[in-house]
Amino acid sequence: GENVEQHPSTLSVQEGDSAVIKCTYSDSASNYFPWYKQELGKGPQLIIDIRSNVGEKKDQRIAVTLNKTAKHFSLHITETQPEDSAVYFCAASIGGGSYIPTFGRGTSLIVHP
Amino acid sequence: NAGVTQTPKFRVLKTGQSMTLLCAQDMNHEYMYWYRQDPGMGLRLIHYSVGEGTTAKGEVPDGYNVSRLKKQNFLLGLESAAPSQTSVYFCASRPGGPTDTQYFGPGTRLTVL
Chain A
219 GENVEQHPST LSVQEGDSAV IKCTYSDSAS NYFPWYKQEL GKGPQLIIDI
269 RSNVGEKKDQ RIAVTLNKTA KHFSLHITET QPEDSAVYFC AASIGGGSYI
319 PTFGRGTSLI VHP
Chain B
10 NAGVTQTPKF RVLKTGQSMT LLCAQDMNHE YMYWYRQDPG MGLRLIHYSV
60 GEGTTAKGEV PDGYNVSRLK KQNFLLGLES AAPSQTSVYF CASRPGGPTD
110 TQYFGPGTRL TVL
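Listed in order, the protein sequences are those of chains A and B. Count the first sequence with this note's numbering and you get residues 219 to 331, in order. Count the second sequence with this note's numbering and you get residues 10 to 122, in order.
These aren't lab readings, by the way, just hints derived from the structure by calculation. What you are looking at is a predicted structure, and each value in this text was computed from that prediction instead of being measured. Watch out, some of these pointers could steer you wrong.
[As the list claims (entries may be wrong)] With a Cα cut of at most 27 angstroms, we get these calculated DSSO-like pairs of lysine-lysine: (1) A/Lys286 to A/Lys240; (2) A/Lys275 to A/Lys255; (3) A/Lys255 to B/Lys23; (4) B/Lys18 to B/Lys79; (5) A/Lys286 to A/Lys260; (6) B/Lys66 to A/Lys255; (7) A/Lys255 to B/Lys18; (8) B/Lys23 to B/Lys80; (9) A/Lys260 to B/Lys80; (10) B/Lys66 to B/Lys79; (11) A/Lys260 to B/Lys79; (12) B/Lys18 to A/Lys275; (13) B/Lys66 to A/Lys260.
Let the hints inform the model, and build the full structure from the sequences given.
Now the structure itself:
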């Protein structure tokens with residue numbers, strides 16, 4: 219089955235810096251890669267996603283890049299703010315159908331004011 | 010529109026006791042999922058459903074049962090709770106079309122003594 223590795227497990231940055239979280243996957247058939255943000259005491263919430271026919275996608279301060287050849291994708295957050303502090307999860311799946319994603323183990327992002 | 014709700018929010022059980030966790034969604038979604046989240050382990054799929062009256066096993070189904078008698082509800086049962094089932098449980102739902110976004114509930118924190 220699919221295996222998703224996520225790094226780093228903890229990331230500490232100063233407000234205004236950029237943050238990058240990286241994930242690798244094993245199943246070349248995977249074609250849908252969402253990123254979730256989980257704030258303390260809440261459920262994960264989708265923040266951005268990318269499909270395998272696209273190399274990069276941006277939404278204001280966040281962006282995701284995908285390298286299908288190398289089987290890795292990354293989340294980029296620019297101009298970080300304290301409210302960006304949360305746990306971020308990547309996932310990979312074959313989109314559509316019953317959609318069973320495999321999640322990474324999460325990255326705890328801490329943004330210091 | 011409440012989205013995905015979970016009942017209860019917290020619960021403490023003794024080993025061997027049983028309980029049912031309720032997940033409800035008001036978005037008319039076809040697919041529903043139960044996950045458990047343990048420190049450093051990401052989200053692991055317990056069971057899922059692709060429509061009313063259907064259920065299927067996920068990655069870690071042992072010790073759990075589920076039912077989806079109504080489209081809007083997905084119940085997770087523990088017949089004889091064990092300390093290894095101490096975890097935070099999340100329910101998620103997803104539309105039945107090509108949209109791949111999962112919507113998560115706020116979680117249930119379960120402790121088994």
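Evaluation of the provided hints:
no.	hint	verdict
1	A/Lys286 to A/Lys240	holds, 14 angstroms
2	A/Lys275 to A/Lys255	holds, 17 angstroms
3	A/Lys255 to B/Lys23	violated, 32 angstroms
4	B/Lys18 to B/Lys79	holds, 21 angstroms
5	A/Lys286 to A/Lys260	violated, 32 angstroms
6	B/Lys66 to A/Lys255	holds, 26 angstroms
7	A/Lys255 to B/Lys18	holds, 20 angstroms
8	B/Lys23 to B/Lys80	violated, 31 angstroms
9	A/Lys260 to B/Lys80	holds, 24 angstroms
10	B/Lys66 to B/Lys79	holds, 18 angstroms
11	A/Lys260 to B/Lys79	holds, 25 angstroms
12	B/Lys18 to A/Lys275	violated, 35 angstroms
13	B/Lys66 to A/Lys260	holds, 25 angstroms
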